[in-house]
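Put chain B on the given structure of chain A with help from the hints.
2 protein chains.
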Amino acid sequence: MTSVTTSVPTTVRWVYAFGGGSADGGAQMKDLLGGKGANLAEMSSLGLPVPPGFTITTQACNHFYAQGRSYPADLRGQVDAALKRVEALVGKGFGDAANPLLVSVRSGARASMPGMMDTVLNLGLNDRTVEGLATLAGDRRFAFDSYRRFIQMYSNVVLGLDHHVFEEILDDRKDVLGVAVDTALSADDWRGIVDQYKSEVERELGHPFPQDPQEQLWGAVGAVFDSWMNDRAQFYRRLHDIPEAWGTAVNIQSMVFGNMGDTSATGVAFTRNPSTGENRLYGEFLINAQGEDVVAGIRTPQSLTRASREEMGETSLSMEEAMPTVYEEFRETVGRLERHYRDMQDIEFTVERGRLYMLQTRNGKRTAKAALKVAVDMANEGLISRDEAVLRVDPASLDQLLHPTIDPDAERKVIATGLPASPGAATGKIVFTAEAAEREGAVEPVILVRDETSPEDIRGMDAARGIVTARGGMTSHAAVVARGMGRPCVSGAGELAIDAAAGEMRARGRVWRAGDIITIDGSLGEILAGATAMIEPELSGDFGVLMAWADSVRRLKVRANAETPLDARTARQFGAEGIGLVRTEHMFFDEVRLAAVREMILADDEAGRRAPLERILPMQRGDFVELLKIMDGYPVTFRLLDPPLHEFLPHSEADVAAVAKSTGLDAAKLLRRAAELRETNPMLGHRGCRLGVSYPEIYEMQVRAIIEAACEVAAGGLAAPRPEIMHPLVAKAEEMDFLRALTDRVAKQVMAERGVTIDYSVGAMIELPRAALCADGLARSAEFFSFGTNDLTQTTFGISRDDSGRFLNAYLAKGIFEKDPFVSIDVEGVGALVRLGAERGRAVRPDVKLGICGEHGGDPATIAFCESVGLDYVSCSAYRVPIARLAAAHAALNARKV
Amino acid sequence: MTSVTTSVPTTVRWVYAFGGGSADGGAQMKDLLGGKGANLAEMSSLGLPVPPGFTITTQACNHFYAQGRSYPADLRGQVDAALKRVEALVGKGFGDAANPLLVSVRSGARASMPGMMDTVLNLGLNDRTVEGLATLAGDRRFAFDSYRRFIQMYSNVVLGLDHHVFEEILDDRKDVLGVAVDTALSADDWRGIVDQYKSEVERELGHPFPQDPQEQLWGAVGAVFDSWMNDRAQFYRRLHDIPEAWGTAVNIQSMVFGNMGDTSATGVAFTRNPSTGENRLYGEFLINAQGEDVVAGIRTPQSLTRASREEMGETSLSMEEAMPTVYEEFRETVGRLERHYRDMQDIEFTVERGRLYMLQTRNGKRTAKAALKVAVDMANEGLISRDEAVLRVDPASLDQLLHPTIDPDAERKVIATGLPASPGAATGKIVFTAEAAEREGAVEPVILVRDETSPEDIRGMDAARGIVTARGGMTSHAAVVARGMGRPCVSGAGELAIDAAAGEMRARGRVWRAGDIITIDGSLGEILAGATAMIEPELSGDFGVLMAWADSVRRLKVRANAETPLDARTARQFGAEGIGLVRTEHMFFDEVRLAAVREMILADDEAGRRAPLERILPMQRGDFVELLKIMDGYPVTFRLLDPPLHEFLPHSEADVAAVAKSTGLDAAKLLRRAAELRETNPMLGHRGCRLGVSYPEIYEMQVRAIIEAACEVAAGGLAAPRPEIMHPLVAKAEEMDFLRALTDRVAKQVMAERGVTIDYSVGAMIELPRAALCADGLARSAEFFSFGTNDLTQTTFGISRDDSGRFLNAYLAKGIFEKDPFVSIDVEGVGALVRLGAERGRAVRPDVKLGICGEHGGDPATIAFCESVGLDYVSCSAYRVPIARLAAAHAALNARKV
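As you go down the protein sequences, you meet chains A and B in turn.
Note that the numbering used here gives residue 920 to position 842 of the first sequence, counting from 1, and the numbers run on in steps of one.
Note that the numbering used here gives residue 690 to position 612 of the second sequence, counting from 1, and the numbers run on in steps of one.
Everything labelled a hint here was simulated from the structure, so no lab data went into it.
Heads up, some of the hints might be wrong.
Note that identical chains are pooled: a pair holds if it fits in a single copy or bridges any two copies.
Stated by the list, open to error - With a cut-off of at most 25 Å between alpha-carbon atoms, the simulated SDA-like pairs for lysine to any residue come out as follows:
hint, residue 1, residue 2
1, K927, E906
2, K747, V521
3, K826, G339
4, K276, P486
5, K747, R884
The shape of chain A in the complex, shown without the other chains (with noise of 0.2 Å):
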């Protein structure tokens, strides 16, 4: 390697126009100028039409919190030219009192955020061009309300002041004047609505609201700047995973105006449906109406397609009816934006007097259902390769799919319907406020039910098993975010009337309180009275055909955690290739098994533990013979008995006594070995395989019942079963040796007993911080390690699962932890050791099998992490297979792409 000396250019260029058929940047910049700026570029390239404009790049955005809040300063200079060139390109001049150019100031990231990011529209409006644009729309009114529009938004975003002030304004002189709607207010009405709020801002500020442009603008750019910080900001990225450092651009676009009368409209559109993923144009608009009308869910917007407006009976007349041209013209655009950009699409357009304008283009988010189904169709009509169908579906968003849904034939009790705004059902207590969704939801189920929501009530949203509210359409905040989170939602609930402070809703003449159970049916818009039945997802059609061809690509092999034949069998229905993980002390909590267990732990010798443990072996035999059978030739690892031995005994006096009577045991002598046996922290205390060093006539008992289970599938002609022995909590070479032994004395009597030879292996779970760095030692007897992130993470980091509720948060909060890492990996940390253990261990042993298992193996972020190490299986809950598949088909692409 020779070191390369970076040149630094001169002149940093800060800004890029578009616009007039032409544009500095295009789609491939998203980095530099935000998804929205990109596209709007390349929109502009493409000779869509676009109005003229310029984005200020996140580069400029870093540099910002990089010089304490500072402008770069050769940036005035270039926004002045590129303003210059918008004012030639729509023949308007910024701040011309007679011919003025207005502009919209938007947030826009590399990924979106919806709702997250503050915007400002109607800018350049002050005393004098308020005039102008009165005379050049020839419509005061228009004007006026747009100049009231433009007070309040820049007032609230960039001067910080409630907007709850100027709606108070509102409502009190359409009271004084007897009004009840918006639309009756005459332009002297607005106009003396705007003194009203400009009083109100000095009175708040000590200061008049800025007259000037220039200023208006800076304080636009900064405020956009400052709202990438803000705390819904912060929490959004938190919750997708969104460094801080990819700051946000700003775009300056001249404004179009979607509200100047009847040939005048605004709208939202995706190229296929969002829910479902069906090829059809799918949207909303609203004639005389500005773009935030549409999703703020005031007005109740109208379908674009008759066929659409037709199907929800709505009667208000669809765009292709009410504007058959534009209609066309707008149809032929997105397209041609989905050919181009080879996805679904999700657009903002405007109509301003008859003429389209394109003010938004994007990838379309989409439910998992819709996103299987348009990767599989876009691959299937030849716009996409296979593999690039199986990138187009998110891991994650396949937990929609696995959840269950309403049972058909289970009795519904609608209490109330609304829009199917994001599909799955969901049951929970009702609750009223974000607030409550947090704390209670965090205990036990809630469906959130709402007015509307709002991004404050993110948490809350995420918090809740469902969402409802009795306003907005489909494309509303709380659309879009439960979508986005896979919550089921019912929006535009319209029969609800809600009354959060008394903490109750009503709907057809009954009073619903909160803590009533409810299920939502976010696939029919249904809210029903109490809990209902379920059934399981079927996981067939465009679902089977896109895992299938993810497992044609994927390397990685997926197991799953399972215990019972339930579990077992389920986990072979999603597809797993074995069993990662049988935790076989779940089986001691069967009644009888308990007595037994209970009776060892009581007796004071070898011999008296080992009477008991003759009794439960049959029964363990029994168990794994049928997760041996069920996984017909697949791998089964069994982990050895885990747990300190106190979790089996009762802990309270009453418990003590309970026991004793019913099982005959010595209540006293239980106290008392309850007592011996507390720990400090249990975590960290005699349980494991420590267990089978103090007490070796447990772990034989446990390898006897697992080989004599194999002899025994093995001799019913079924595929040779092939069972692994893992020990727990291995911490030494010396003491993996031990095991080992232990281990291969016992099955190789077993076998010569039943003279059946039987294919098993003995490996370690790595789940402390030494057994990763001594992994080569340990290498020399395990054949495989196994992982155990959960407690690998405890130890790592020095923190209890059980224990880091007080704190975690804080440290989310405060950003001094990105992701939850019992959720998703530390790579730095905790990925550092399973790095160094696979290293190690297949040093000493270049075939050591290599797996994970626990709760991040069905994480995808954790699964591209094993992919890069080169593990060979993970294992996870029988529910995350598939999208541990899906994710291992990632991981295997993306790793073929470096």
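Positioned in the frame of chain A, the structure of chain B alone reads:
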């Protein structure tokens, strides 16, 4: 590096001969020949009178164990040849009925393991050769006494019979004959006893006592090899860190007899006094006795020199007086040996009918006091260098010197007196069995009182604070082992009548029972009633000289862990160069402060916490001022609050009620908060810097107290204070960044307020695996790392120190752990993390200061490891500072050698 092919010799030499003025081996071959064998060879080569013999190598022992307890194929031939050489040199035949060669068979490992291994004397005797011996010796009684001794030893050591059966036969016979002492038995009496012994053996084993000398010889060789793995040997090895892989050699040597009448004798000697180090021949001998009689403590031995006899007030003649010619030869010989070996020698010798034989020499074990004096004297005599003198003193042995002794002004209620067998003083409850010592010694101090001790008692001796025996001399088992362990010991206290079964002892007309408190003075040989005032040892003279030499060569700095002014002053007195760990929370347990701390914990919000913190601030500041003053410019590392908050709350309802009553705090709230804060695994819970992140106001107060204290000290005109502010339990770089910012912010504020600049630094306690793995990230904000190896061991191994008692002993017993990892650092695992942490920290911040604190900081093996990693300092408890200083010097000197 090129690969080297090891040439395999066609024949391995398993046997090395010695005697007759030459030898195959030498002193440098201890690894192969064991200490005894190597020194016998060396003495032979020096021309000293060594009975001829040969050594079977440790390599043969290792072969024996590696090959399932079988001998190398060519061993027998080599032994036969060596035996022939011995026969030729002494002019006798092995098994020759007329002129029998008798041999001793002794173990001999690389390190001395007194009493741990088995020995057989007089081998070669049978019904025929005993007659030959009788004729040769002209003493039939001697011959049959030797034969019965041989049958007894051989049956016990090789054939596994209990020696009590032989003692019973002897006692019965003496009763029948009406004699009290062995010397009253005639040749025929012994012959009759021999017949009874042989019958008993045949009865017990079903076959006769072996008459074939070859069979006897190989039986004995096998028994010596077997003894390497017996429980006593394993325990001793563990106690003294002797690897099992060393193996033992077997020494076969022609017998000489100290029991052939009054011109024969046997004895042991030290070239200098092993208790005091005084440069004077020291030892004991017995006329007409075999070697075992001296150490067994059955007869009380005589002094070697007249001066010693006179000092001890003995009447029986010294060797110097009884055999002046042989004594003179002996004196010259041992002087020559000391000069040759350049160290104090421990010698065994026998005089057979006026002729001196040297049976063993080795570097003598000695008390710490003696080791110091011998080392300093020899350096001053020019026999060794100062560096060698430093290396001659085992750092761990200094512990003996640092223990308290009895206050000379205290009243001494003497119960009984004995020999001053091992220096130092101790107080404890009387126990009469090793088992009781083990059991009760774990809970409170005990003194083990026995008639005599044997290797089976070694665990009990280790568990006791001091040892008393009624029988045995200065070189009895009790005395040797107690000195090695650093336990005070009074041996041979013949006044005591001990009835262990009844649990009492009598002396001077009084009865003392198990559980009564006594004090022993091992330096004077006194046993005192009750507990007695103790005083600290004076650290001057030889100690001061040697420590100065040590300080001049060591590189590692040594600090102390100290919270109180007393600790801090003690630390300075012992030479600490700063405080490596102030556990700031220790100051919270004072009653007044605890009330404020509890009020803080009960507070509902930050404001509620700040009020009590304000009250704690001046108290903490006051503590810190004092510590900084005592340390007078040396660095002081303040670790901020570490334990979980629940440690400061009462837990049981009764405790809560008491606290509520005395403090006026709300009992219900106390109880609720204690329940809220309870943790499943407190070790891995909400503690360490997690408290500082959750409640920054706590750490802010502590930082303020530290910097304010430093300002106060700086203003007082003392040496500039050097506070180091340490954040515990750090795991992530982002966490350290947050804490660094907090610390600097408060420090800057305080320095501005006071107008003083303090040279403070901010660092991390590295006590989690992740911190070590990601130390590069931490180093961007941390100016120093202190490895907290206590917690690092807990998390690396996943072992809670509080709970490890249940299985750690089983692990030590099974050899899975060689040493307790909480006492001496686990170099392979925990050490690997320390090394990684140091390397990665230095990669980012080359001058990052590195130290370790915690129990390991005073452990010599750990200190050697710290030297190898290049840490800057170690920190340990005040009393271990001298040990650490000397260990650091050893580490530096040993590092130079490599």
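Next item on the list: Provide an ascending list of the numbers of those earlier hints which the structure does not satisfy.
Entry: 3, 4
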